[in-house]
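With the working numbering, letter number 23 in the sequence shown gets 23, and the count goes up by one each step, no holes.
Hints were generated in silico from the structure; no laboratory data involved.
Cβ coordinates follow ideal geometry from the N, Cα and C atoms, glycine included.
A portion of the hints provided could be inaccurate.
[Claimed, not checked] Quick list of the computed label-pair ranges, beta carbon to beta carbon: (1) 123 x 246: 41 to 51 Å; (2) 246 x 215: 49 to 59 Å; (3) 432 x 298: 38 to 48 Å; (4) 123 x 207: 47 to 57 Å; (5) 570 x 148: 43 to 53 Å; (6) 582 x 207: 26 to 36 Å; (7) 236 x 149: 37 to 47 Å; (8) 532 x 574: 17 to 27 Å; (9) 456 x 570: 35 to 45 Å; (10) 148 x 529: 20 to 30 Å; (11) 224 x 31: 25 to 35 Å; (12) 471 x 236: 27 to 37 Å; (13) 427 x 111: 53 to 63 Å.
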Amino acid sequence: MEQIASFFDTLDDLNELLSSPALRGKVARSRSVLAQVFVSSSGGSLAQAAAARVAALEGRVVVVGASTCGEICGGRARSASNVLSLLLFDAAELRAEAYAATPGSEAALAGRIAEGIARAGDAPLKGVLLLSTSGTVEAGALLRALHGRLPGLPLFGAGAGDGLEQGRTVVLCGTRTLEAGCIAVGLYGHALEVMRQTYLGWEPMGKRMRATRAAGCVMHTIDDQPAMEVYRHYLGIEGNDRLFHNAMEFPFLVEREGELLARVPHKALPDGAIEFIGDVREGEELRFGYANVDGILARARGTQAEVRAFAPQAILFYSCICRYFVMQKDVELELRPYEAMAPTAGFFTYGEFCDLGSSSPMMTSTLLVVALREGAGQSGVPQAPMAGAPAAALCESSHSRILSRFQHFVRAIAGDLERANDELLALAEHDALTGLVNRRKLQALLAAEALRARRHGDDFCVLLGDIDHFKHINDNFGHEAGDAVLRLVAHTLASQVRGVDTVCRWGGEEFVVLLPQTHLEEAMQCAERLRRCVEALYDEGDSPLPRRVTLSLGVAAYPRHGDVQTPLLAAADKALYEAKHGGRNQVRAGQDA
1 MEQIASFFDT LDDLNELLSS PALRGKVARS RSVLAQVFVS SSGGSLAQAA
51 AARVAALEGR VVVVGASTCG EICGGRARSA SNVLSLLLFD AAELRAEAYA
101 ATPGSEAALA GRIAEGIARA GDAPLKGVLL LSTSGTVEAG ALLRALHGRL
151 PGLPLFGAGA GDGLEQGRTV VLCGTRTLEA GCIAVGLYGH ALEVMRQTYL
201 GWEPMGKRMR ATRAAGCVMH TIDDQPAMEV YRHYLGIEGN DRLFHNAMEF
251 PFLVEREGEL LARVPHKALP DGAIEFIGDV REGEELRFGY ANVDGILARA
301 RGTQAEVRAF APQAILFYSC ICRYFVMQKD VELELRPYEA MAPTAGFFTY
351 GEFCDLGSSS PMMTSTLLVV ALREGAGQSG VPQAPMAGAP AAALCESSHS
401 RILSRFQHFV RAIAGDLERA NDELLALAEH DALTGLVNRR KLQALLAAEA
451 LRARRHGDDF CVLLGDIDHF KHINDNFGHE AGDAVLRLVA HTLASQVRGV
501 DTVCRWGGEE FVVLLPQTHL EEAMQCAERL RRCVEALYDE GDSPLPRRVT
551 LSLGVAAYPR HGDVQTPLLA AADKALYEAK HGGRNQVRAG QDA
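Given these sequences and hints, build the entire structure.
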């Protein structure tokens with residue numbers, strides 16, 4: 001196979017490209033040709049006219065395309081230009097379909113693609129190119145639905161752009177253009193191989209936040225505050241029609257199924273909510289992200305080495321407009337080395353699509369590299385490294401140098417603050433003497449466990465334990481001995497419970513153990529085991545304790561002995577009182593509510 005790609009600014013430029021006898025001969029001799037037309041937002045009419053002229057080539061030519069936020073060809077990036085890419089296949093077969101869509105029809109659309117493109121052709125399916133309009137199709141929902149129907153579908157593609165005009169986007173198939181829909185192209189072939197690589201390069205910074213109200217692509221509240229207020233407070237960004245331009249460098253980062261994803265604000269809504277490019281989910285942890293230029297270039301070198309080993313014959317790029325906006329002309333530093341491996345073409349997008357095996361997420365701020373070849377290639381043959389200076393050394397513009405140094409400074413300051421906050425949080429949530437969580441932290445854990453148990457219909461239990469005759473130890477052996485007893489008992493309790501359980505120093509010589517998803521009978525067995533372990537600490541021959549130490553415990557179960565945290569602890573406290581007055585060194589259960 002072969003890729004022939006070129007920029008063109010006018011239809012006359014395109015006609016000149018297509019009139020080449022050598023090109024026309026190669027097209028006619030190819031088994032199939034995938035022609036991709038990437039056009040700037042200067043108008044859908046140009047896309048349609050360009051597609052018609054390409055479709056007139058003699059041969060089995062499939063024409064698809066999209067409007068863009070910028071164009072890529074030959075390792076170079078431009079804006080307000082156009083690109084023609086011709087993928088000439090020796091044996092592969094193609095099938096393209098256009099699908100009109102309406103809001104909310106993404107699941108049905110996924111079904112049509114799965115039954116059409118994904119299941120057609122006699123040769124094995126090696127790749128599915130998906131191009132969709134942005135804003136009129138919720139690409140995240142479409143990708144999730146496709147993954148649900150065909151997990152592991154070898155998918156790649158992107159959302160069409162509009163040159164940052166936030167106007168209409170179009171995709172095309174043949175001479176048909178769609179302002180609300182998608183194009184799917186199936187690539188079939190025994191010898192065809194497709195490699196897909198993605199990387200982000202944005203890193204988290206600042207405090208951890210949570211999406212407290214979100215649905216689809218709309219984030220209503222973050223930490224129970226209007227989403228727009230968070231951007232206003234931390235970045236000084238107002239909720240006007242310039243939100244996308246002002247906030248694209250600082251997306252939210254979320255970790256989903258092991259993959260770090262960026263979510264870029266697209267539009268501010270009247271109630272303080274924000275519409276994002278890509279779906280957002282209620283309950284997810286969020287942090288602001290920033291583009292680490294040095295990290296992007298370092299990751300680029302690793303990906304370039306993997307693609308070079310694949311020995312590609314053609315390379316396609318789908319790169320988020322955020323990368324172009326942040327790195328400006330230096331975005332070519334991550335694109336240019338690929339041109340030494342094979343001809344390249346692509347465009348800057350409003351979201352990148354790539355199946356990851358475990359999921360097919362809607363991505364933003366990423367670079368998606370798609371390498372193609374027919375035949376075994378030379379992946380097993382050692383190849384010389386590419387000539388030239390390391391990518392990081394190519395950052396010669398003042399923009400990249402200043403941005404890189406500023407980001408280093410921000411990372412250092414953010415790291416210092418995060419470490420300080422972690423230390424303060426640990427001090428605020430843990431008992432200084434024993435290292436166990438303290439009363440304040442346990443109350444929050446109890447509230448969360450009660451909410452979870454109500455939602456799922458589970459049981460959970462609390463144990464309230466008290467060291468017997470602890471005052472006698474302090475009075476007769478001193479407070480240092482008393483502290484040693486507390487530390488040893490705390491260590492014993494913590495070492496005898498499950499990883500999901502929590503041991504807390506409730507106050508003085510009292511301890512609370514939270515046992516999630518535990519029935520009363522199991523909790524009683526746990527309490528008895530803890531009692532015996534504490535009792536066994538004292539050994540007259542060799543013991544760190546000044547005297548024998550015993551523990552009395554009260555056990556209470558949700559919902560049997562109480563509902564919310566205070567009545568439940570009150571039930572455990574009453575049971576503890578009965579254990580004390582029953583002779584100490586024993587376990588008692590609470591009374592039914």
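Against which earlier hints does the structure fall short, listed by number upward? Violated: hints 2, 6, 9, 10, 11 and 12.
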